[in-house]
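Work the whole structure out from these sequences, hints included.
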Amino acid sequence: MSGRLHPFTLLAVAAALPALAWILPAPAGAAATLAVALGLTLTPGASPGSTGIGSSPGWRPGSVVFRAALLTAAPFWLFLLLLHDVPTTIATGLRITTMVASIGWVVAALPPARLVEAMVAAGWSATAAYLFAATLSAVPVLKSRAQRIVEAQRCRGLSPRGGVANRLRALGAVALPLVLSALHEVDERALALETRGLVPGVHRTPLEPPPDRVAERVARWGLAALCAVALVWRLA
Amino acid sequence: MTRVALEHVSFWYPATSAPALEDVSLEVVGGELVALVGRVGAGASTLLLVAGDLAPRVVGGRLEGTVRFEGSDRAGKDGGRRIVLPSPWTQLSGMAFTVWDEVAFGPANLGWPRGEIARHVEHALALLEITGLNSRDPATLSGGELQRVILAGILAMNPAVLLCDEPTAELDPAGAQAVWRLLSALAREGKAVLVATSDLDALPDVADRVVWLERGRVAATGTAALLAGDAACAAGLGTTVAGVWRAAELAAPFPATVAAAVRRWR
Amino acid sequence: MALSPTLRLDRVSFAYGMVPALADVSFALGPGERTALLGRNGAGKSTVVKLVTGLLRPATGAVWVGDWNTRAHRPEALARRVGSVFQHADQQLFARTLQDEVRFGPRALGLAPAEIDRRVARALAVLELESHAGEHPYDLPPAFRKLATLACALALEPTLLVLDEPTSGLDRALRARVARALLERAATGVALLVITHDLAFAAETLERGLVLDRGRLAQSGPLADLLASRERLEPLGLAPPPVAVLSAALDLPGRPVREADAVRALARAARVAGGGRSI
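Top to bottom, those sequences are chains F, D and V. Using our numbering, the letters of the first sequence correspond one by one to residues 169 to 404. Using our numbering, the letters of the second sequence correspond one by one to residues 125 to 390. Using our numbering, the letters of the third sequence correspond one by one to residues 32 to 310.
Treat the hints as calculated values from the structure; they're not laboratory data. Take these hints with a grain of salt, some might be off.
Below 20 Å or equal to it, Euclidean Cα-Cα: the simulated EDC-like pairs (lysine to aspartate or glutamate) are [as the list claims (entries may be wrong)]:
#: 1; chain 1: F; residue 1: Lys311; chain 2: D; residue 2: Asp261
#: 2; chain 1: F; residue 1: Lys311; chain 2: F; residue 2: Glu353
#: 3; chain 1: V; residue 1: Lys81; chain 2: V; residue 2: Asp98
#: 4; chain 1: V; residue 1: Lys81; chain 2: F; residue 2: Glu319
#: 5; chain 1: V; residue 1: Lys81; chain 2: V; residue 2: Glu107
Here are the simulated distance ranges between beta carbons [stated by the list, open to error]:
#: 6; chain 1: F; residue 1: Arg172; chain 2: D; residue 2: Met125; range: 48 to 58 Å
#: 7; chain 1: V; residue 1: Ala103; chain 2: D; residue 2: Arg181; range: 49 to 59 Å
#: 8; chain 1: F; residue 1: Leu344; chain 2: V; residue 2: Asn72; range: 24 to 34 Å
#: 9; chain 1: V; residue 1: Ala93; chain 2: F; residue 2: Pro368; range: 57 to 67 Å
#: 10; chain 1: F; residue 1: Leu344; chain 2: V; residue 2: Thr219; range: 28 to 38 Å
#: 11; chain 1: D; residue 1: His247; chain 2: F; residue 2: Pro243; range: 51 to 61 Å
#: 12; chain 1: V; residue 1: Val50; chain 2: D; residue 2: Ala344; range: 49 to 59 Å
#: 13; chain 1: V; residue 1: Thr219; chain 2: F; residue 2: Gln315; range: 31 to 41 Å
#: 14; chain 1: V; residue 1: Ala218; chain 2: F; residue 2: Leu339; range: 36 to 46 Å
#: 15; chain 1: V; residue 1: Ala204; chain 2: D; residue 2: Arg388; range: 21 to 31 Å
#: 16; chain 1: F; residue 1: Arg329; chain 2: V; residue 2: Arg299; range: 51 to 61 Å
#: 17; chain 1: F; residue 1: Arg235; chain 2: V; residue 2: Thr219; range: 42 to 52 Å
#: 18; chain 1: D; residue 1: Ala344; chain 2: V; residue 2: Asn72; range: 37 to 47 Å
Cβ atoms here follow ideal geometry from the backbone N, Cα and C, with glycine treated the same way.
Okay, structure coming up:
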């Protein structure tokens, strides 16, 4: 379903939901937007074949994103509970979870390539579009690399069990190589992109620009207007 | 006529005092395949970056001497200098979910019309014999398949000068042989091909010239017969056959290939 | 000598979801046995490696490392007996110096400091990396980073080394270094299981060949026989290495596949045929 929507529409929805969560009165408003966001995380990412990042090995769309969103938001609830009273915790917790769920959904549902095509068709420079898209696609790449690093370190004797100190050490043995190897490759990646023509000032040919229907453009402006109205209403 | 020439080039990477290249003069013209050989760290990769206009422009550092390039280099046009770096994984665009899109990445960045892109992509896929991998996700390919995809992506841009850094590193012997045949054919078609490689045994059949780099300097240049010379074998840069011949203390000149050895034996 | 072989796969099958990867594979390696694992892409070689290191458990059958069943031991425990180097191994590097990096494994195993130092020194020495011990791994050229990952596996002083393409990206001198290091360890009883398509390296270092074809063990036997046979290698996308081709073309007695053996055979043949003839 989301595979057929224009990337800007997906981004608009992913931005509007957290915005509305913060603008609308808690807990009802926040709960409503959270329900919508979580509902989105349960929709199949995109159609198989020409899929979004949901097609990388091990990343099944649907409940995986749902669970990941809840797991990522859980620590925030814990901190909130320690610092605030219950009503504030619920309000802020719902809002944060909405944000996490929206971001998780759009990262899983939006193919970076389609986003680049859309941005280029809309007049953005190829380099700017690429930077944006590369950030999105970094997640599954890093995820599979992290998996490989965990396996390699385990085969060197690293045990993820044991006390806190041990677990922190284990985390370091996975996080550090992940960051270092990624950083180290930046130079080579820059050279590779340069030689393949991704230079500033060049107009990239969109290979398959996603169609932008009038209805969607209207819907996007509608969402923006909705947020504005809600804000005005809230402040008044 | 396509031509890339380094004249008395010395190059220092940023914040280093020792030069990576020292007084290197080298010319490659369209129609020939020149191989760069040398030990790890001898400067072959650096030389390719300099010839490809990536050093010092993108890499930084300091260059002395002149690098000349004749051939069309205008942005968006065919021709130009393109490099295939080692390690295919770091060359993936990260934005293509099919091999077809990955190979089309370069041409699309050049702003070519869609029909032309399709033509070049199909041609490149056929040259590398990977048309069957068309709709596969590049992230799921093996090292050998990926290396072919990256090479196809560069060829689809129709460079006049093709620079390759260890293009057969991830390939099995059958794949390596196919790539060497392809590089040789591309040179005969008129491209200037410069390849850094440690696959010495393949060179007598494909290289028009061999340049031996040692610690940033050109130690020797010549035909592939260089790899059957006493000096090269002593430095561990001779072909296997030449090395065995020499170690058996048989008479010079040592044969570079099995075929040459058979002829000598009779 | 040992009561149980260093590695034994006993009718092992494995599938990734619905996709079968290995079917009824059985083989064993004794101490000091040096074996090449060959096969096309997708034949199941990486799956064997993951099963041997304990990252995967077989669906049916069993994998025994010495007297340990991999079903009963986690990979971090099996690391005491199995040293492995995967492809992209250099992504696992993170210490400030090469020395610290190689120390990581023995430290994780909880060994005494003196023993750690001994193992690290030995691993660096056999790969001739001592002069780089104080350097940052990412300051080393990629080829040396690859050697570093092998040093990390050697420092575990396992009974079995499992290596996936240990020579890709290395030049002839470094490949010879790896060959020497592996032969030195094998001489002390360490078994080797090496996935490789570098048959010249395999000829120098390994003695036995296992060929996987679509998840089944298709061939098992002396590597020299396999290397000499173009018909058996071609379906695997492989070709006899230059020394084997030379031996066959010159009809050298014994058809040596190792360089040193070929040199001796060639010299002898030249003397026999020569007399006054200058070859």
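message: If I claimed the Cβ atoms of His247 (chain D) and Pro243 (chain F) lie 51 to 61 Å apart, would that claim hold in this structure?
response: This hint holds: roughly 53 Å between Cβ atoms.
task: Would you mind confirming whether the straight-line C-alpha gap from Lys311 (chain F) to Asp261 (chain D) stays at or under 20 Å?
output: 16 Å, holds
message: Within 31 to 41 Å: is that where the Cβ-Cβ distance between Thr219 (chain V) and Gln315 (chain F) falls?
response: 34 Å, holds
message: Please check whether Ala93 (chain V) and Pro368 (chain F) have a Cβ separation lying inside 57 to 67 Å.
response: Taking Cβ atoms as reference, Ala93 (chain V) and Pro368 (chain F) lie about 59 Å apart, which means the hint holds.
message: The hint says 49 to 59 Å between Val50 (chain V) and Ala344 (chain D); measuring C-beta to C-beta, is that right?
response: 52 Å, holds
- request: Quickly compare the C-alpha distance for Lys81 (chain V) and Glu107 (chain V) to 20 Å and report which way the hint goes.
  value: OK: Lys81 (chain V) and Glu107 (chain V) at ~13 Å, within 20 Å.
task: Could you check the hint for me, namely that Leu344 (chain F) and Thr219 (chain V) are 28 to 38 Å apart, CB to CB?
output: Once the Cβ atoms are compared, 33 Å apart, the range 28 to 38 Å for Thr219 (chain V) and Leu344 (chain F) holds.
- prompt: Does Glu353 (chain F) lie within 20 Å of Lys311 (chain F) when you go C-alpha to C-alpha?
  reply: Distance ~16 Å between Lys311 (chain F) and Glu353 (chain F) Cα, so the pair holds.
- request: Given the hint of 36 to 46 Å, check if Ala218 (chain V) and Leu339 (chain F) actually sit that far apart at their C-beta atoms.
  value: For Leu339 (chain F) against Ala218 (chain V), whose Cβ atoms are near 39 Å apart, the range 36 to 46 Å holds.
query: At the C-beta level, are Ala344 (chain D) and Asn72 (chain V) separated by a distance inside 37 to 47 Å?
result: 38 Å, holds
task: With respect to the beta-carbon atoms only, verify the hint that Leu344 (chain F) and Asn72 (chain V) lie 24 to 34 Å apart.
output: At 31 Å between Cβs, range holds.
task: Take a look at whether the Cβ-Cβ distance between Ala204 (chain V) and Arg388 (chain D) falls inside 21 to 31 Å.
output: With a Cβ separation near 27 Å, Ala204 (chain V) and Arg388 (chain D) satisfy 21 to 31 Å, so the hint holds.
The structure agrees with every numbered hint stated previously.
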